[in-house]
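S.K.: The task is simple: from the sequences and hints, build the whole structure.
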Amino acid sequence: MAKYIGKRLIYMAVTLFVVAALTFTLMKILPGSPFDEERFLRLEEAKQAEALARYGLDKPVPIQFARYIGNMLKGDFGISFYYTNIPVTKVIFSRIGPSALIGAQAILIGLAIGLSLGIIAACRHNGFIDNFTMVLAVLGISVPNFVAAALLQYYFGLKLGWLPIGFWKSWSCSVLPSVALCFSPLATCARFIRTETLDVLQQDYIVTARSKGMTQARMLIKHTLRNSIIPVITIMGPMVVNLLTGSLAVESIFSIPGIGGLFTESVKNNDYNVIMGLTMFYSLFYMVTILIVDVTYGLVDPRIHIAGEEAAE
Amino acid sequence: MKRTLFAILMVVALLACSVPAMAQDNVLHTYVDRVFRTFSQVKGSDGHLFIVLGSLSEGLLRLDENHNPQPALAESYTVSDDGLVYTFTLRDGITWSDGTPITAKDFEFSWLEAMSDQDANGYADVIAPFIKNGWAWMNHEVEASEVGVKAIDDKTFECTLENPTAFWDRFITLPVFFPLNEEFYRAQDGGELYATSVDTIMCCGPFVVTYMDLGVGVTMEKNPNYWDAENVKLDGVDIKVITDSSAALNAYEAGELDRVNLSSIDVVLYNSDPEFGSYSDFRNYFVQFDVANPEMNLNIRKAINYAIDRETLVNEILMTGAVAAGGVVSRGIHGNDEMTYRDYAGDFSYYDPELAKQYWDAGVAELGYTPEIVMLTAEGTDFDDMATFLQDCFRKVLGVEVTINKMTQKARNEIMKYETYDFALNAWGADYDDAMTWLELWINNSNGYRGNYGTPEYIAMIEDARSETDSAVRLDKLVAIEKKLIDEDCVVAGIYDRGYSYLQRPYVDKYIVHPVGQSAEFKWTSINK
Numbered sequence: 001m002a003k004y005i006g007k008r009l010i011y012m013a014v015t016l017f018v019v020a021a022l023t024f025t026l027m028k029i030l031p032g033s034p035f036d037e038e039r040f041l042r043l044e045e046a047k048q049a050e051a052l053a054r055y056g057l058d059k060p061v062p063i064q065f066a067r068y069i070g071n072m073l074k075g076d077f078g079i080s081f082y083y084t085n086i087p088v089t090k091v092i093f094s095r096i097g098p099s100a101l102i103g104a105q106a107i108l109i110g111l112a113i114g115l116s117l118g119i120i121a122a123c124r125h126n127g128f129i130d131n132f133t134m135v136l137a138v139l140g141i142s143v144p145n146f147v148a149a150a151l152l153q154y155y156f157g158l159k160l161g162w163l164p165i166g167f168w169k170s171w172s173c174s175v176l177p178s179v180a181l182c183f184s185p186l187a188t189c190a191r192f193i194r195t196e197t198l199d200v201l202q203q204d205y206i207v208t209a210r211s212k213g214m215t216q217a218r219m220l221i222k223h224t225l226r227n228s229i230i231p232v233i234t235i236m237g238p239m240v241v242n243l244l245t246g247s248l249a250v251e252s253i254f255s256i257p258g259i260g261g262l263f264t265e266s267v268k269n270n271d272y273n274v275i276m277g278l279t280m281f282y283s284l285f286y287m288v289t290i291l292i293v294d295v296t297y298g299l300v301d302p303r304i305h306i307a308g309e310e311a312a313e
Numbered sequence: 001m002k003r004t005l006f007a008i009l010m011v012v013a014l015l016a017c018s019v020p021a022m023a024q025d026n027v028l029h030t031y032v033d034r035v036f037r038t039f040s041q042v043k044g045s046d047g048h049l050f051i052v053l054g055s056l057s058e059g060l061l062r063l064d065e066n067h068n069p070q071p072a073l074a075e076s077y078t079v080s081d082d083g084l085v086y087t088f089t090l091r092d093g094i095t096w097s098d099g100t101p102i103t104a105k106d107f108e109f110s111w112l113e114a115m116s117d118q119d120a121n122g123y124a125d126v127i128a129p130f131i132k133n134g135w136a137w138m139n140h141e142v143e144a145s146e147v148g149v150k151a152i153d154d155k156t157f158e159c160t161l162e163n164p165t166a167f168w169d170r171f172i173t174l175p176v177f178f179p180l181n182e183e184f185y186r187a188q189d190g191g192e193l194y195a196t197s198v199d200t201i202m203c204c205g206p207f208v209v210t211y212m213d214l215g216v217g218v219t220m221e222k223n224p225n226y227w228d229a230e231n232v233k234l235d236g237v238d239i240k241v242i243t244d245s246s247a248a249l250n251a252y253e254a255g256e257l258d259r260v261n262l263s264s265i266d267v268v269l270y271n272s273d274p275e276f277g278s279y280s281d282f283r284n285y286f287v288q289f290d291v292a293n294p295e296m297n298l299n300i301r302k303a304i305n306y307a308i309d310r311e312t313l314v315n316e317i318l319m320t321g322a323v324a325a326g327g328v329v330s331r332g333i334h335g336n337d338e339m340t341y342r343d344y345a346g347d348f349s350y351y352d353p354e355l356a357k358q359y360w361d362a363g364v365a366e367l368g369y370t371p372e373i374v375m376l377t378a379e380g381t382d383f384d385d386m387a388t389f390l391q392d393c394f395r396k397v398l399g400v401e402v403t404i405n406k407m408t409q410k411a412r413n414e415i416m417k418y419e420t421y422d423f424a425l426n427a428w429g430a431d432y433d434d435a436m437t438w439l440e441l442w443i444n445n446s447n448g449y450r451g452n453y454g455t456p457e458y459i460a461m462i463e464d465a466r467s468e469t470d471s472a473v474r475l476d477k478l479v480a481i482e483k484k485l486i487d488e489d490c491v492v493a494g495i496y497d498r499g500y501s502y503l504q505r506p507y508v509d510k511y512i513v514h515p516v517g518q519s520a521e522f523k524w525t526s527i528n529k
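First to last, the sequence lines map onto chains W and E.
If you're matching positions, the first sequence starts at 1 in the numbering used here and goes up one per residue.
If you're matching positions, the second sequence starts at 1 in the numbering used here and goes up one per residue.
Hints should not be assumed to be uniformly reliable.
[What the hints assert, rightly or not] Here are the simulated DSBU-like cross-link-like pairs (lysine-lysine), alpha carbons at most 30 Å apart as the crow flies:
#1 E:K410 with W:K59
#2 E:K417 with W:K28
#3 E:K417 with W:K47
#4 W:K169 with E:K510
#5 W:K7 with W:K74
FYI, nobody ran anything at the bench for these hints, they're computed from the structure.
M.R.: Next up, the structure:
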């Protein structure tokens with residue numbers, strides 16, 4: 001197991017390097033510079049060179065890249081151009097908190113309701129709850145989260161005044177955005193768990209368990225859930241990354257200082273160091289999540305061997 | 001059926017619920033629509049930053065509600081006969097928020113620091129050309145003692161200009177001219193960390209900061225040590241960052257804001273509301289022609305200038321209080337004591353479909369064929385609505401189908417800089433209340449961004465106006481320059497000056513907006529519930 005994880009970590013480092021190299025190259029192809037062109041053009045050449053040197057942009061791109069990697073290994077991700085002179089790590093970490101909180105809450109709500117609904121729907125196949133769940137699932141997938149966000153803000157924030165309509169002052173501010181974001185994971189979970197549970201319920205061992213007189217609840221928890229949750233774990237990986245790294249639209253609607261808008265802004269403004277910092281952060285986070293998902297498979301289902309040599313035993 | 005009825009009833013009940021009243025306090029709640037890039041007066045040049053800095057700090061003079069400069073940290077000043085030397089006398093007993101006295105040294109240091117900023121984000125390049133040896137200091141060619149900013153003693157600050165500058169007293173109300181305490185500033189990692197948190201900024205204005213975050217906003221409370229504290233009516237100001245316009249409107253309706261700007265769509269719904277108002281500021285939107293492009297001959301350019309129906313654009317498409325431009329200089333810009341620049345100069349850009357068609361036919365005859373014209377535009381709603389409207393104008397008036405090429409701003413800038421283009425939509429906001437802030441943009445003949453114009457004749461006219469000491473003669477010269485730029489050479493065609501429509505609570509008084517620089521002023525604002 002340790003050997004397997006070690007190997008995966010080496011792969012991760014290689015992948016990160018490739019991602020860094022690709023992003024760096026693509027980023028440099030972006031038209032324009034991080035500076036305000038109009039003001040920059042007014043400066044005399046020596047002054048322009050001074051500004052370029054200040055941000056390390058005076059050297060050829062390969063040298064810039066080598067320097068960047070070198071500094072990154074030392075934990076220095078450079079300074080932001082757009083957020084004048086603020087270190088990239090500070091820019092990112094000051095914005096990640098709200099996004100992560102909202103994302104985590106959305107996943108928890110989505111999982112809790114989605115799993116429950118999905119399982120109940122499977123047990124009451126073709127009943128009212130089943131149909132209700134499927135309608136909800138279709139809505140959850142097809143209604144964009146910003147529409148849900150705008151509606152929630154209007155009714156629960158403005159008309160009813162139950163919750164803050166936005167901003168980031170107290171925990172209550174995070175409720176509506178979390179709810180707005182939870183529909184997609186909720187719908188996805190419900191659909192997957194329903195289909196899988198239906199499948200598992202047809203299996204011979206379930207019939208056996210039933211015929212032995214096992215109660216419905218015990219059978220669901222002990223035999224069904226564990227077998228049907230595998231695909232949900234698979235989709236959880238990308239979903240967690242997606243939600244924890246912020247949503248541009250929802251954050252903008254609720255005026256939350258999250259990380260969602262930072263990425264698009266940094267690309268628009270050629271804020272090179274922030275683009276790189278965020279890409280590295282996203283990639284690392286994604287790969288770690290995938291690793292955790294893979295390890296979890298083995299824990300949930302002992303039949304799955306994640307490491308090749310263990311399977312051979 | 002019963003269920004459907006129940007659902008409908010629920011929705012009606014939800015809609016019928018009333019808005020909760022918000023807490024009563026003597027704090028102004030407002031917002032800005034973009035995140036802050038910095039809170040440092042040395043590194044920033046954004047209008048929304050100036051609102052914050054103008055409340056937290058102060059310069060020698062401050063603009064009153066009629067946009068006229070009034071004594072602030074300086075109680076008086078004198079100007080030499082040649083208009084070059086300004087001598088300011090500071091007030092007695094003015095202090096920073098921590099009690100340290102404010103001296104003339106704080107101004108000398110601040111101005112020098114602002115001009116030597118290396119980030120290319122601040123106002124260094126804007127202010128340096130005005131001050132004697134400022135440009136040379138910016139380029140490390142002279143010693144500090146040779147620059148025209150000098151603390152004569154603790155209470156006397158003298159600045160010497162390169163040329164007489166009629167608008168200098170208005171100009172120095174900008175935050176980049178506010179004082180800085182050298183010792184405190186240097187202690188923040190040599191200035192790099194200045195104003196990155198509440199503890200790393202010193203205030204000397206009507207308010208002091210209690211919370212600041214680039215993405216969340218700023219809260220401030222009244223500064224008891226301010227020299228004019230008795231005239232500050234508010235206990236505090238809360239400035240939020242709200243980037244989504246409908247979210248801002250919801251916040252206003254929920255009672256979380258005292259004032260909100262409206263988008264074009266919302267103007268229709270609210271323009272009969274008693275809380276509705278609108279104004280325009282000094283940001284001019286214009287067509288930039290590439291004069292190096294042989295297809296865009298003078299007649300074609302003139303045809304385009306006269307083919308734009310500006311009144312319809314501002315009244316029926318934009319609707320936010322924008323006004324039809326008469327040229328590239330905004331309408332409200334100072335002219336002389338009697339009238340604005342535009343009233344004095346008259347319009348160079350206006351709608352005349354017949355004239356447009358005449359010029360178009362002449363231009364096409366000159367070329368021998370009908371040119372295929374591409375309009376370059378950048379992403380953003382300001383340009384989007386305008387681009388399709390212009391396309392329609394050209395179709396109706398000139399009978400020509402203009403293609404819209406829309407891309408990111410950076411990408412469009414690259415094309416303008418390095419390639420030949422037909423024309424582009426562009427905008428420029430005034431740095432100061434004078435026509436020169438626009439006219440001097442076109443002096444570089446290799447700047448594709450300015451249409452590769454900058455003829456020696458034009459440069460000579462600009463230089464001549466810059467050194468003119470008689471303000472009446474200077475005004476005539478400025479008018480001649482704009483006439484040359486639009487009427488004779490048709491390098492640009494003015495379209496409109498930006499407008500804002502807003503809703504404001506009836507109990508808010510003196511929420512002052514300035515068309516240039518610090519766009520909102522809260523020193524005299526009061527809440528009278």
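S.K.: Hint by hint, say whether it matches the structure.
M.R.: Checked hints:
For the proposed pair K410 of chain E and K59 of chain W, the alpha carbon gap of about 21 Å is at most 30 Å, so the pair holds. With a C-alpha separation of about 18 Å, the suggested pairing of K417 of chain E with K28 of chain W holds against the 30 Å cut-off. As the CA atoms of K417 of chain E and K47 of chain W are separated by approximately 20 Å, the hinted pair is consistent with the 30 Å bound. For a cut-off of 30 Å, the pair hint linking K169 of chain W to K510 of chain E stands: about 28 Å separates their Cα positions.
Restraint check for K7 of chain W and K74 of chain W: the C-alpha separation of about 23 Å stays at or below 30 Å, so the hint holds.
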